[in-house]
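All chains, please: the whole structure from these sequences, using the hints.
Protein sequences, first through last, are from chains A, B and C.
This note's numbering numbers the first residue of the first sequence as 1 and each following residue consecutively.
This note's numbering numbers the first residue of the second sequence as 1001 and each following residue consecutively.
This note's numbering numbers the first residue of the third sequence as 2001 and each following residue consecutively.
Because the hints were derived from the structure by calculation, they are not lab data.
Since this is a predicted model, take the numbers as computed values, not measurements.
Be aware that a few hints might be false.
[Said to hold, decoys possible] Covered stretches of chain B (in silico footprint by chain A; criterion: 3 or more residues with CB under 8 Å from a CB of chain A, positions within the stretch not fixed): (1) 1104-1114; (2) 1185-1197; (3) 1306-1320; (4) 1344-1351.
[Unchecked claim] With a straight-line Cα cutoff of 30 Å, these simulated DSBU-like cross-link-like pairs (lysine-lysine) come out: (5) B:Lys1348 / C:Lys2199; (6) B:Lys1379 / A:Lys101; (7) C:Lys2022 / C:Lys2139; (8) A:Lys3 / A:Lys101; (9) B:Lys1190 / C:Lys2161; (10) C:Lys2139 / C:Lys2046; (11) A:Lys101 / B:Lys1185; (12) A:Lys20 / A:Lys37; (13) C:Lys2046 / A:Lys76; (14) C:Lys2046 / B:Lys1185.
Virtual Cβ for every residue (Gly too), placed ideally from N, Cα, C.
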Amino acid sequence: MSKGNYIVITNNPLVFEKLKDGHEVIYREISYEEILKDVRDRIHDGHRLLTHPLSGSVKPNETPYKSILITKGKEKMDDWSVQIIESAIQACRKFEFKSDKYGAGVYKDFQMIDWTLLESGLASADLW
Amino acid sequence: MRLEMGHIYIKDIQFGPESKIEDGVLYVSEEAVKAVALEEEKIKSVSLDIARPGESVRITPVKDVIEPRVKVEGRGGIFPGVISKTDTVGEGKTYALKGMAVVTAGKIVGFQEGIIDMTGPGAEYTPFSKTQNLVMVCEPEEGIEPHDYEKAVRLAGFRVAVYIGELARDLTPDETKVYETCTIKEGIEKYPDLPRVAYVQMLQSQGLLHDTYVYGVDAKRIVPTILSPTEIMDGAIVSGNCVSACDKNPTYVHLNNPVVHDLFEQHGKTLNFVCQIITNENVYLADKLRSSDWTAKLCKMLDLDGVIVSQEGFGNPDTDLILNCKKIEAEGVKTVIITDEYAGRDGKSQSLADADPAADAVITGGNANQVIILPKLDKVIGTLDYVTKIAGASEETLREDGSLEVELQVITGATNETGFNKLSAR
Amino acid sequence: MAKIKVVHYINQFFAQIGGEEKADYPAEIRVGEVVGPGMALTASFKDDAEIIATIVCGDSYFNENLEKAKADILAMVKEQAPDVFIAGPAFNAGRYGVACATISAAVQEELGIPALTGMYVENPGADMFKNQVYMIATKNNAAGMRDAVSKMAPLALKLAKGEPIGASAEEGYMPNGIRVNFFEKERGSQRAVKMLLKKLNDKPFVTEYPMPDFDRVDPNPAVKDLAHAKIALVTSGGIVPKGNPDHIESSSASHYGEYDITGVYDLTEETYETAHGGYDPVYANKDSDRVLPVDVLRDLEKEGVIGELHNKFYTTTGNGTSVANSKAFAAEFSQKLLAAGVDAVILTST
Chain A
1 MSKGNYIVIT
11 NNPLVFEKLK
21 DGHEVIYREI
31 SYEEILKDVR
41 DRIHDGHRLL
51 THPLSGSVKP
61 NETPYKSILI
71 TKGKEKMDDW
81 SVQIIESAIQ
91 ACRKFEFKSD
101 KYGAGVYKDF
111 QMIDWTLLES
121 GLASADLW
Chain B
1001 MRLEMGHIYI
1011 KDIQFGPESK
1021 IEDGVLYVSE
1031 EAVKAVALEE
1041 EKIKSVSLDI
1051 ARPGESVRIT
1061 PVKDVIEPRV
1071 KVEGRGGIFP
1081 GVISKTDTVG
1091 EGKTYALKGM
1101 AVVTAGKIVG
1111 FQEGIIDMTG
1121 PGAEYTPFSK
1131 TQNLVMVCEP
1141 EEGIEPHDYE
1151 KAVRLAGFRV
1161 AVYIGELARD
1171 LTPDETKVYE
1181 TCTIKEGIEK
1191 YPDLPRVAYV
1201 QMLQSQGLLH
1211 DTYVYGVDAK
1221 RIVPTILSPT
1231 EIMDGAIVSG
1241 NCVSACDKNP
1251 TYVHLNNPVV
1261 HDLFEQHGKT
1271 LNFVCQIITN
1281 ENVYLADKLR
1291 SSDWTAKLCK
1301 MLDLDGVIVS
1311 QEGFGNPDTD
1321 LILNCKKIEA
1331 EGVKTVIITD
1341 EYAGRDGKSQ
1351 SLADADPAAD
1361 AVITGGNANQ
1371 VIILPKLDKV
1381 IGTLDYVTKI
1391 AGASEETLRE
1401 DGSLEVELQV
1411 ITGATNETGF
1421 NKLSAR
Chain C
2001 MAKIKVVHYI
2011 NQFFAQIGGE
2021 EKADYPAEIR
2031 VGEVVGPGMA
2041 LTASFKDDAE
2051 IIATIVCGDS
2061 YFNENLEKAK
2071 ADILAMVKEQ
2081 APDVFIAGPA
2091 FNAGRYGVAC
2101 ATISAAVQEE
2111 LGIPALTGMY
2121 VENPGADMFK
2131 NQVYMIATKN
2141 NAAGMRDAVS
2151 KMAPLALKLA
2161 KGEPIGASAE
2171 EGYMPNGIRV
2181 NFFEKERGSQ
2191 RAVKMLLKKL
2201 NDKPFVTEYP
2211 MPDFDRVDPN
2221 PAVKDLAHAK
2231 IALVTSGGIV
2241 PKGNPDHIES
2251 SSASHYGEYD
2261 ITGVYDLTEE
2271 TYETAHGGYD
2281 PVYANKDSDR
2291 VLPVDVLRDL
2301 EKEGVIGELH
2311 NKFYTTTGNG
2321 TSVANSKAFA
2331 AEFSQKLLAA
2341 GVDAVILTST
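Quick look at the structure:
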């Protein structure tokens, strides 16, 4: 899948910084859960999920950052994408919210982990 | 393949001028072990400590736990493609130092996790409160990137484990167990009436700090393949996974994979243990579809009757677990899956992020969100600075009396998804 | 330590008053008496607890005079102020099970006294209340009394003492939607191997984590001849004639409405509105066609795309309405739709 065929949805400034030149990135300063909901809305609009929204073992509400790949083109709404994103949104609520309770340095690490998770998805996307 | 496993029981670890094993006691030369660890250039310093079962000791943040082993006969060496040269392992003779472990600790990222308590309520939940632990706390060179640090600590741990394993090379094992699998044709001839069973192991493979290596190959780059189940006993699979302490598989669990061992117990009696199938848990959805297609295909090509599927991690892998289960069942192969649960602190939430009616036989390692109070212990190996930042904990975790209020998530191995523990939930 | 005080509830049958012919027996309390299954419970309690009173009530009486029976029994229990309330076990007796479950849940909720009951898993009382009150899973007839009591008595003591309650598999209660950790005797991998062997040999096994209920309905085949089909509209979006004449609740609806739309071509702000309390009603109130698309279907009717729009629509609010109620509504109005010769239904939700 060439770079022209997918979109990155993210609230991670590091991802935005790394990809803004040469990739289509939608960067929004919103919460983890709001990113999932943003992606959900786009799925209903016909975009398809390319990476799993619960990528990474760092839990929702623990890390504040989330980056997701979706198709740029729109097709008929993809049921599997809907099912995955809905389950992910539900899963968010199981975890105590503590994204705002860390020391400043930790956020850099969260950004870096989110970036590397996305990067492993990009590596697969770019093979197609 | 036939592998003879010699068990040498270690009942104590002590520091001494010379590294050796005598009468079940491991004597460790601090200097020699540090020199081995410092072969990793990115590590600036290593401090060693010993934690024994029952002691008032907390180890954190734990990265990996490794059982020392040595290859005494047969091809290859321990940790092929990582420490030893690449060669097919899993046959001949291997010795393992039972009852002990090398534990690596170090703050790789700011939210680094993993607690091993050697006593108290936390000790009930981690399997590594029952082992004599040689703990290496590794400090990195200045300015090092987390992924370089992770790799350095990972490899330093393996080097030290191999160094200690070598001390057992000329010893006589206290106990010997033989594990033998047949080739496909032999198996059919030898056990014509027994169900053909395999173990499908899903390996964490999402990216940095979430990786697993097979003969040194990053598991996210593999397509599902088959192993002789004896290969893992020589370290064919190692952990590069630092996140989600409760349900990641430390290298110790790979070496002692309980599904492999319990299937061997029944091999030739109630079932024919054909092989181990490994697959991955990538973040890219098309990779998931491909990998689950392949596991199902392999199950079919091997004429299997049943499989046990184990998972590693939370969320993203739930999707792989359900895909594998669904597709394997669709091939007419019966499945049992092993997972753990995130049912919320009150136990009322949906435990998994995916579900399917085909998953009608599930073993659970328990609810990782369960809250537990860990009392203050006398000694901390590593640092508590980061305990407040680990998964399932928060800045408010440290209570006034020095106790910690955390979720089981933070305890190394607590809800392991290979069925390593007795913890469960209903 | 003082003995734990127990009040026990049983029906007319277990009180040996009589069978069906005595089922209208009104609620009574026998203070200081231990009756029927109470004997077995008492034996099981040893010296830890005693039944201080037994309440007897006919099954028909309870179910037909629900509010009065409930209030009377609650008053009786309140006066005795027990440490724990036990009802049944009811085994597979349907009305007895519903009574045991209802009164146990009421005692617990309204009096704050811990309560438990026991019954067969298929007893209708089980489904209604198993998530509200601890319910021991029993056999389907009274031959299972000893087994039921052996689980009910220890759980009752734990509840009375406020001790932590273990997992359903340990205590014997029906899974109640709350996952509880506990230590098994064997490690997970051994349990997995055993479960697989059972599955391979077609022997019964019990999963440790039942998948969520998949109440999926296979869609009907497509309508072949839309141009001659009679189409009806049904909604859980709460669209009702202005003023909500049948008072459909804004949430947890207890009934549905049936409204005639003969000659109605457009739902306007003046004529229709939503009764639904679960979403912002502004847009639905402004133009109810947004939820119940009468206008579009009239167009399609005119264009000949569909045969005709059925002259009645069915509506309720899906907001917190129980699955049981929803199923009952649909079972009823589906018959009316069939009788009216409707070929297909467009079901809208919000």
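So, going through the hints one by one against the coordinates:
1. For a cut-off of 8 Å, the count of residues in the segment 1104-1114 of chain B with a CB near a CB of chain A stands at 3, and the three-residue condition holds.
2. As drawn, the segment 1185-1197 of chain B meets chain A at 0 residues by the rule of a beta-carbon pair under 8 Å; below three, the given contact is violated.
3. Only when three residues or more bring their CB closer than 8 Å to a CB of chain A does the claim for the segment 1306-1320 of chain B stand; here the count is 6, and the claim holds.
4. Judged by the Cβ-Cβ criterion of 8 Å, the segment 1344-1351 of chain B is covered by chain A as claimed, because 4 of its residues qualify and three suffice.
5. For a cut-off of 30 Å, the pair hint linking Lys1348 of chain B to Lys2199 of chain C stands: about 28 Å separates their Cα positions.
6. With a C-alpha separation of about 26 Å, the suggested pair Lys1379 of chain B and Lys101 of chain A falls inside the 30 Å cut-off, and the hint holds.
7. Of the pairs offered as hints, the one joining Lys2022 of chain C and Lys2139 of chain C holds, with about 25 Å between alpha carbons and a cut-off of 30 Å not exceeded.
8. For the proposed pair Lys3 of chain A and Lys101 of chain A, the alpha carbon gap of about 36 Å is over 30 Å, so the pair is violated.
9. The suggested pairing of Lys1190 of chain B with Lys2161 of chain C is violated, with an alpha-carbon distance near 59 Å, which exceeds 30 Å.
10. Among the hinted pairs, Lys2139 of chain C with Lys2046 of chain C is consistent with the structure: their alpha-carbon atoms are about 24 Å apart, no more than 30 Å.
11. Using a Cα cut-off of 30 Å, the hinted pair Lys101 of chain A and Lys1185 of chain B is violated, with the two alpha carbons roughly 59 Å apart.
12. Proximity of Lys20 of chain A to Lys37 of chain A is assessed by CA-CA distance (about 22 Å); at most 30 Å being required, the pair is judged to hold.
13. Simply put, Lys2046 of chain C and Lys76 of chain A have alpha-carbon atoms about 68 Å apart, too far for the 30 Å limit, and the pair is violated.
14. As the CA atoms of Lys2046 of chain C and Lys1185 of chain B are separated by approximately 63 Å, the hinted pair breaks the 30 Å bound.
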